[in-house]
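**Student:** From first to last, the protein sequence lines are chains A and B.
Following the UniProt record's numbering, the numbering of the first sequence begins with 1 at its first residue and continues without gaps.
Following the UniProt record's numbering, the numbering of the second sequence begins with 1 at its first residue and continues without gaps.
Keep in mind the hints are simulated off the structure, nothing from the lab.
Any given hint could turn out to be false.
What the hints assert, rightly or not - Using C-beta positions, here's what the derived DEER-type ranges look like: (1) Asp12/A with Ser36/B: 53 to 61 Å; (2) Thr17/B with Met240/A: 45 to 53 Å; (3) Ser36/B with Met240/A: 42 to 50 Å; (4) Asp390/A with Pro146/B: 34 to 42 Å; (5) Arg235/A with Gly81/B: 27 to 35 Å; (6) Glu35/B with Lys42/A: 50 to 58 Å; (7) Lys187/B with Thr142/A: 27 to 35 Å.
As the structure is a prediction and not an experimental result, all values here were calculated from the model.
From the three backbone atoms N, C-alpha and C, an ideal C-beta is built for every residue, glycine too.
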Amino acid sequence: MSNLPFRPILTDEETRDLETVEVYAADIEPKEAERVLKFIKKNLPSSFTSLNHVKRVRKIYNDEKEKGKGFTLTILFCLTTLISFVDLQILITSNGFDKIISRLRVEKVPKHAPITRAQFDAWKSLWPLNFHEHPNNARKFTVQDIDILASHMNRVIELAQLAKSKGENLDPFLFPLSYFWIDPVQIPIGCAIIDPCTNTILAESHDTRASTRHPLCHSVLNCINVVANLEISSRQFKNMSNEQMAADDISRPQKRKAKEIDDDEGNESNLHQPKKHTIIIDKEEKGEDEDDDETSSLESNIEIILTSPSFSSKTQNTTRQQSKDAYLCKNYDLFVTHEPCVMCSMALVHSRIGRVFYARATPNSGGLGSIYKIHAHSSLNHHFRVFIWDSISDDRIAYDRIESLDQVDT
Amino acid sequence: MNEEKLDDGKDNVSRETDHYQYMRRALDLAHEAYESHEVPVGCVFVHNNEIIGFGRNKTNEALNGTRHAEFEAIDTILSSGKYTSDVFKECSLYVTVEPCVMCAYALRQLGIQQVYYGCANERFGGTGSVFNIHEDPILLLHPQYPSIGGYYREEAIMLLRKFYVRENDNAPEPKRKHQRVLKTTIKPPK
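So that you can see chain B by itself, here it is in the shape it has in the complex (with noise of 0.2 Å):
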């Protein structure tokens, strides 16, 4: 899962290092989620090694179940005046969580040159989990990306069975869930 087509061999170990830096970005902004009682799923865009615009799930500040944090990054680029919607063709994503399947297709009507994300996502996953949105030849209209998993899969997994294991006041029949408890193993990716 961790394979990724490098064309030149002296930028394999930079260009890795790279990846666990932009996604160390994202985790920080999931972090910041999770202390605001929001889903912990945070990402970054990166255009020519710079990050131009990041996000963190919002769903329930905003009262709104789509303001993912993939929408929140992609609504501050496009609003910042400094870039048209083409910029996402160059652009590299890195989410914490593989994307919904909104997301999935979100990213696909945008041109998303790749996808890197922390953990998998069994309930909702677009790029591979549950549906491979990313990459349905069916779906025309716009290219396919692809979608590459694992990069501090363990601590995105970890703080979703944190955000999990903690009540959520903002449903509308809250679980009482103090029996629950906070499993720490975690299975190899399938």
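The following block holds chain A by itself, in its conformation from the complex (with noise of 0.2 Å):
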């Protein structure tokens, strides 16, 4: 883990030290193990409900170099909170059991199931410890992953740079978006969502707060609102095409094909992946009427997908066997330069978001790591895994004044 290039935004349940809760606990002979778990489970209230983590028994070797010398086992009984250690003496000898525990004593066990291996490692010699890593966190990222990831990565902060030379320039005269601004501040921020599947850039934007005069079009709800529409389209496109199939016309699309884009950053950015449908929100189209910005909208879509080498008409059938439509952005990973705001982080659960990758943390706004961990909490619905890529310099995001970042929701 410590050579990647990120690092993830751990939650604090994840980066908690030790706490410890007391436990009653005795040695036994091992042929009477189950006896006396079976009085245990019979006559003492259940505590293991919340130390589902903790081992019942723990195996002491006689001879620690020669294990073949025998062993001892302790035994935990509940925890101290719920009998008295008189009425636990009271209840073990009128069954009998003194006989054949020894050493009846308070022990400590960690309180919280261990979530990290790091945890695991550091707790387990408390007390031995059932540890289940989930299957996301235990997941390696190979050398191939990284170079995949670090590509878009400087994807974003391309389109970052893009915004800059456009002026999404937040002048607090004309556009007081905060009343602690003093100087204008550039605020180039770049985003993109991508299908780790396959490796498909499905929405780029830039923060258009400036250029829109919205104060809350910044990139990442820009980029939702791209994948939400190019799901629109695509279910236009697969009813289109299934009417077209059923009546075995394929002119229309013929048709539609001849169309142009007249969208050069659609143009620009496949000088880097060769597979692509983007999109990137501009101004026209926001400051538009609703419903005609919606359809606008979607007319582009349709043309990219149908221009598009991957839904030629051979493709038709295939395109056709995807009956199950994508939902919001479930498993699609999120690239962005800076940390995303309290907003944009909540909209990303209800978006039901993948992963998350940033450049650079937010102090005052954010809502991945920097005030809150809206990724990883507990009440919410959604979680998922953030890193922070804090191998890149700050330079590489260019902002004219960089302590202005402070100021900035992203």
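The two chains are supplied separately, each in an independent frame; assemble them into the complex guided by the hints.
**Tutor:** Written out as structure tokens, the structure is:
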């Protein structure tokens, strides 16, 4: 893990140190284990729902060097909060178990289940633990994976620079986003959503707050909107091609194919990745009336899909076979130059994003590590992994004034 | 929860009925969302005693989990060409359900004056139920705003319950809910 160019933003549960609770324990001969466990199950209040991660029995070899010399077991009874020591002694004696147990005492065991391997390794010496690493956490990144992820991260930095060149420039006098601002600030923030299964870039965007005069046109929300519009047009295309297959009429898509894409960003992005269906939300698009906006972006999406080589008439059958529609941004990765703000972080929860990679934290508004950890909040219904790419140096993300970052929501 | 600081004693009665009038309109929009198989939430933005924008949840239709009522309304207001984003600094929001974390911070960025809501949002609530985005002092960049609940609370709750006992075919794995029963008892607010 230490060689990775990024590190996970861990939850408080994943980073917490050892906390302990007290439980009653006693030594027994191995052959008595079954009887004692039955006795515990029958007579003592069950505390092991909250201590499922703690092994009930610990094996202690009589001679660590020669394991053949036999062992004894230490068995756990229950949390000390559930019964007094005296009551437990009376219960044990009255059932005749005082003859087969020895050294009834209080032991400390880890209070919480270990979530990371580091916690497991640190805590297991206190008491043997069960540990089931979440498959997502256990997943190792190959060198190839890292190269691909790095190329996406480099792409969003390019998008941020594109935003800057387009003058996504917030002037506080014309556009008072924040009452804290004194100087005009450049906010070049780039973002992309990728399907990691096919390594396809589904959406690219940058911050458009300045050009749209809309304080909520953050790059992440723009990207989510592009994915939604793509899915709408993809479903329309599916319906369309289904109808055509039925009518055995393929003249319509060919007509549409003749139309040209007049989107320079779309072409630009094709330089970097061959497989791509990209739309950058532009101010014209955003500024329009809602209904018009939806249909116009829809149109351009259909054209892009139809002119893309992977959607030629040959592959219509496979397109049709992908009967399961995409659900929001489920299982997709999001790359963004800056840590998403609280709004965008929650938008990613609503969109069921798979993973998020960002390059710079935003200490005054960040929702994925800086102020809150919305990606792992216990009361929210969707959790995802977040990684910070701290190997990317500050100057790669072109802020005119680096310190102004702290004044911006991303 | 319903207590509100009123600057002028004479206006108390009329202002309180105004709140319910605006919330009535928001509820109508929530009903419209329900009829369209959307999560039944509606809202209106009020500027100088005038509704300047309204919206209702459209997440299913838009295939976009962020198209909440507030965002629908905000986008209509800003795309109308009549207002700049400064208008929200003099606006009140009336929304049938407490804004979620996303909307709560969106409203803070807009500098909203105050928020009135119907029922609390125990799952995503951003103005008191789960997070305190509206008044968390650690969020330095934008002003805090008050968020007051309880306007037509019962009706908002019943509408949500009706929605959630209905099956959602848009979910990736739709749950069969024919055994669910619509509860009609409502506990008092916390």
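**Student:** All hints are to be evaluated individually against the structure, with a verdict given for each.
**Tutor:** Outcome of the hint check:
1. Asp12/A with Ser36/B: 53 to 61 Å: Given range 53 to 61 Å: violated, Cβ gap about 40 Å.
2. Thr17/B with Met240/A: 45 to 53 Å: holds, 52 Å
3. Ser36/B with Met240/A: 42 to 50 Å: violated, 24 Å
4. Asp390/A with Pro146/B: 34 to 42 Å: Because 38 Å falls inside the window, the suggested range holds.
5. Arg235/A with Gly81/B: 27 to 35 Å: Since arginine 235/A and glycine 81/B have Cβ atoms about 31 Å apart, the given range 27 to 35 Å holds.
6. Glu35/B with Lys42/A: 50 to 58 Å: holds, 57 Å
7. Lys187/B with Thr142/A: 27 to 35 Å: violated, 52 Å
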